[in-house]
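A.B. asks: Fit chain B to the known structure of chain A by using the hints.
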Amino acid sequence: MAYAQAQSQHPRFSVLSTASLGSIEHLSPAASATRFSLPSAPSINTALAGGKTGTRPNIYDRNLNKTRTTEVSASAFAFLFSEVVQYTQKRVSGIADLERRLNTLGYRVGTRVLELMVWRAEGTSKAPKREIRFLPALMSIHTQVWKSVFGKPADAIEKSVENSDEYMIIDNDPPITRHISVPRDMSQLSCSSFSAGIVEAVLDGLGFPARVTAHNTPNDQYPNRTTILIKLEQSVMDREEALKT
Amino acid sequence: MAIFGLWVINKAGGLVYQRNIGDGLPGLTSNEYLVLAGTLHGIHAITSRLSPTGSSSGAHTIEGEAFKMTILLTATGTKFVLLTSVVEPTADSVLQKVYEIYSDAVMKNPFHTPEMPIRSEAFDSRITALIG
Numbered sequence: 001m002a003y004a005q006a007q008s009q010h011p012r013f014s015v016l017s018t019a020s021l022g023s024i025e026h027l028s029p030a031a032s033a034t035r036f037s038l039p040s041a042p043s044i045n046t047a048l049a050g051g052k053t054g055t056r057p058n059i060y061d062r063n064l065n066k067t068r069t070t071e072v073s074a075s076a077f078a079f080l081f082s083e084v085v086q087y088t089q090k091r092v093s094g095i096a097d098l099e100r101r102l103n104t105l106g107y108r109v110g111t112r113v114l115e116l117m118v119w120r121a122e123g124t125s126k127a128p129k130r131e132i133r134f135l136p137a138l139m140s141i142h143t144q145v146w147k148s149v150f151g152k153p154a155d156a157i158e159k160s161v162e163n164s165d166e167y168m169i170i171d172n173d174p175p176i177t178r179h180i181s182v183p184r185d186m187s188q189l190s191c192s193s194f195s196a197g198i199v200e201a202v203l204d205g206l207g208f209p210a211r212v213t214a215h216n217t218p219n220d221q222y223p224n225r226t227t228i229l230i231k232l233e234q235s236v237m238d239r240e241e242a243l244k245t
Numbered sequence: 001m002a003i004f005g006l007w008v009i010n011k012a013g014g015l016v017y018q019r020n021i022g023d024g025l026p027g028l029t030s031n032e033y034l035v036l037a038g039t040l041h042g043i044h045a046i047t048s049r050l051s052p053t054g055s056s057s058g059a060h061t062i063e064g065e066a067f068k069m070t071i072l073l074t075a076t077g078t079k080f081v082l083l084t085s086v087v088e089p090t091a092d093s094v095l096q097k098v099y100e101i102y103s104d105a106v107m108k109n110p111f112h113t114p115e116m117p118i119r120s121e122a123f124d125s126r127i128t129a130l131i132g
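Protein sequence lines, in the order shown, are assigned to chains A and B. Read in order, the letters of the first sequence correspond to residues 1 to 245 in full-length UniProt numbering. Read in order, the letters of the second sequence correspond to residues 1 to 132 in full-length UniProt numbering.
With the rest of the complex left out, here is chain A (with noise of 0.2 Å):
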């Protein structure tokens, strides 16, 4: 009897599967937005199969360390983050939520920038070392993230006057909203939501959480200059007083 039940439900079956998404819904900070889906692990059959007429070696055979060769195509990426933007759009009601969800693309994006140049940067050193004052962790997000992420450092940090726990990164020209023009309709949206959820993702994973949003600040030189408002958590306050000293 018991092992009729079981059989009908698939116990393990079923097991694995709440398991691994109950944990998956926990890691991702998509958790609210329950429509994002985990990408399923491409099949290295066929890109074996694949590589077996290109002398290329497969991307899983790449040296992780040799950055020169492996740029990406800027007009590739603006297809994909017009499809991206657009596929977003359909699903959201209002620039808010489209932006949110925005902002959560960018941040899985950004935990594995940040796993990949701390790699990069402290892999081969016998003492790595991290940042634990947030200024020089901004400082890293301003040059080292931006120019592994666009290929060049944004061009400024400010500190607010108002607000002391709020910091921004302005871009003169961010690279993946170049092509973009936004509709006067919606003319709050900034699609650079996306790098703000990078910068989240970094910083929550050096340990300063923060909410990061995007705004457009256009000036008569830069119509697209854009900045990134950082805005800390108090703990992080405290502890960024505590370590003054």
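If you're looking for bench data, these hints aren't it; they were derived computationally from the structure. What you were told as hints is all true, and nothing was included just to trick you.
Pair ranges (Cβ atoms, derived):
(1) A:D185 with B:L36: 23 to 33 Å
(2) B:A66 with A:D155: 44 to 54 Å
(3) A:R56 with B:S125: 37 to 47 Å
(4) B:R19 with A:S187: 18 to 28 Å
(5) B:N20 with A:S75: 25 to 35 Å
(6) A:R211 with B:E32: 49 to 59 Å
(7) B:T76 with A:M139: 38 to 48 Å
(8) A:R178 with B:P117: 15 to 25 Å
(9) A:V72 with B:A66: 44 to 54 Å
(10) A:N163 with B:P114: 37 to 47 Å
(11) A:L80 with B:L36: 31 to 41 Å
Here chain B is said to cover these stretches of chain A; the calculated rule only asks that three of the stretch's residues, wherever they fall, bring their Cβ under 8 Å from a Cβ of chain B:
(12) 74-81
(13) 85-93
(14) 179-185
Which chain B residues face chain A? A few, computed with CB under 10 Å, are given here:
(15) S120
(16) E121
(17) A122
(18) F123
(19) D124
(20) S125
Cβ atoms here follow ideal geometry from the backbone N, Cα and C, with glycine treated the same way.
C.D. replies: Chain B in isolation, oriented as in the chain A frame:
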């Protein structure tokens, strides 16, 4: 030696972008432009089947006494039409650049619907910088 206007015609023959540069052209209503573009689309389709040596890309230039139309047909069927004076040696290279701007500012913009009229500030300003 002057550029008078630019049209972009989608693959169905609809005018998705039209712009006059300077005041060399008589002002027409937008409906008249739509009719002209549709007619040109038809003529182009005819000329592309008249080649004695097999397949043809169709009419490339149409010349009048005081003006010249240069047509660039892309692989996807979009047509770029440049209205210039008869002697305008840069017409072809300008059209190539317009095509480049179109693929950057229009096709990579997530808020543009393919085959629909082009409403993109980036496209407008880059066209202005090129020929405005």
